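**Q** In order, the protein sequence lines correspond to chains V and G. Be aware that the first sequence starts at 1, since it is given in the numbering used here, and climbs by one per residue. Be aware that the second sequence starts at 1001, since it is given in the numbering used here, and climbs by one per residue.
Hint data in this document are derived by calculation from the structure and do not stem from the laboratory. Just so you know, not all the hints are guaranteed correct.
[Stated by the list, open to error] Some chain G residues close to chain V (C-beta under 10 Å, calculated; not the full set): (1) ILE1007; (2) ILE1008; (3) THR1063; (4) ASP1113; (5) LEU1114; (6) ASP1116; (7) GLY1121; (8) VAL1130.
[Said to hold, decoys possible] Anything over 12 Å on all C-beta distances counts as not near chain V; from chain G, calculated: (9) VAL1032; (10) ASN1053; (11) SER1073; (12) VAL1095; (13) VAL1108; (14) ARG1122.
Note that the coordinates shown come from a computational prediction; the quantities given were computed from them, not determined experimentally. Glycine included, every Cβ here is placed at the ideal spot set by N, Cα and C.
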Amino acid sequence: MSSIVEQIENEIASFQASAVKSNTGKIVSIADGVAKLEGLSGAMYNEMIDFGQGVYGIALNLEEDEVGCVILGDYSKLKEGDEATTTGKLLSVPVGMGLLGRVVDAIGNPIDGKGPINSTETYPVDQIAPGIIPRKSVDQPMQTGIMSIDSMIPIGRGQRELIIGDRSTGKTTIAIDTIINQAKINNQHRNEDGTFPEGFRPVYSIYVAIGQKNSNIARTIAVLEKAGAMEYTIIVSASAGDNPANQYIAPFAGASMGEFFMNNGMDALIVYDDLSKQAVAYRQISLILKRPSGREAYPGDVFYLHSRLLERSARVNEDNGNGSLTALPIIETQAGDVAAYIPTNVISITDGQVFLETDLFNQGIRPAVSVGLSVSRVGSAAQIKAIKKVAGKVKLQLAQFRELAAFAQFGSDLDAKTKAQLGRGARVVELFKQKAFNPIPVEVQSSLIYAVQNGYFDAIEVAKIVEATSSLRDFLETRGAKVMDTIRTEKAISDATEAALKTSLAEWVAGFSA
Amino acid sequence: MKRDKKIIRLAKKLVELSKDNGVVTVARVGEVLAGLKQVQHRHHLTVLKSFLNYLHREIALQTAVVSTPGALSGEALKAIEVTYSKIYGRPVTAVIKQDTSLIAGVRVRVGDDLYDASLAGRLQRLAENVS
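Full structure from sequences and hints, please.
**A** Right, here's the structure in full:
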């Protein structure tokens, strides 16, 4: 109450009798979240337009006699002839640490019923990406906790790695796993007073849900809460029921929230789930605005829509705070067609892709990562030595295994070397099977891969590898905790650590076989 | 009404022809209408509607609609005309419109631009800032 009185007193103190100028226009037509206005001769591109009653829009089309405007929020109250005013501001969203643990809509309004957002700072949703000079090469890992990705398609902080695949192939699961893993790592290093030790860089996550069912978003939030990851996460929701303008703007709003962390020397991870739906929303807006349509009826600037969004993810150098924003955009393909318009666009923009295959998923290989089609262009520079040492040859081995397996189908007489290669390959495939929402720490990952590479799994039947992996993981996290701690702190497997690891593995093999 | 670029261009030209020294005059508009009647354009009615639309806009740009809850002296009105003519660089005529909802002060509209120095506007902005 006292703050309101204070605000009124300040207003009275700053009272000036001068006139306030504004530029106005009238709604000529309104449909599907897009209004055409007559007047507004002073409107600027991307300026926020005030329609009154708490409804705002963005000026997207500036024509000679008309202004085309997308409306954010509920436009059912607006009608032809209503007046709108320019605000002189760009659309901005609240940013800051106060957003962590909250669920907000596309313009940063809280929708989780936990009261107002504790934030004093705002960022414009559409900002220019960092240029060449402030940037730095990717050199720090972003552990996803998924063995197949961390070993073969490593992601670095500041990288843009596309997750692409058909519907129901586990794209969101990979993203959620990554968020959970960041929270686990943060919690592992957090002091009792909630601070982090010097030198440790926590990763904060932003999950942008675009055009998804509300039930799915609720499920994701529940998973994150259960895993204790919500306190490091911001959820930006523009569900399927939201108007297209909100679905179009939500990724940009999320990027602004992420940029706050990057600009303040922190590391952040942003998941855009998914950009195909954002492109569809943008196509709808563009068609209603009567912009010329191109391939698949998308407007000509749909590439720029995604490139300007993803360019905002970067690793900046020490002079600019040394922060980073890693992006995991998701694209849904139709029947595995990666050559469609939007998938090819986003593939070309990003620094690599994790391709998920329906066939692998149905065979029970989950996460269904297609090793042949997945690639990380910059992440290997960020891999820690421990993983590099053991996983260097895994991708090649798996590729050779698939080739040999295809040939082995035609003949039964195989030499011992081929049989051994096939056996090892089959075990690696089984090793990479991982339950959802169960990220594996990097030190355990490297030890598990080390075990397979060095024949500790050779005596175990292929069908029992999943069980054996789980058993070994438990063993390493309990009785082998000391070795794991050493690998985690040293980030490498030294000769002494290797010897200790060998002893632990031998102990486990004896126990498991018995 | 379908927007035809050719008709819009013609309507805008007709508005330009209706001006005398940069100001729309009744005499010029009469001449333009007479000329239009002679020509009998294929889309005569559409051209007329479009011409009327742009004429309204042009007149709005040359008129300062002064909304006020009470009366305003002739001198004040003259001062408003002089001020806005200077701002826009063209002759602006002031017209009074009574609006009691403003409580006190004035609100002036010139074309799309709105200059608000009313108490009601002030209170509204205060409410927006506080909420």
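**Q** So which hints don't hold here, by number, going up?
**A** Of the numbered hints given earlier, those the structure breaks are 1, 3, 10, 13 and 14, listed in rising order.
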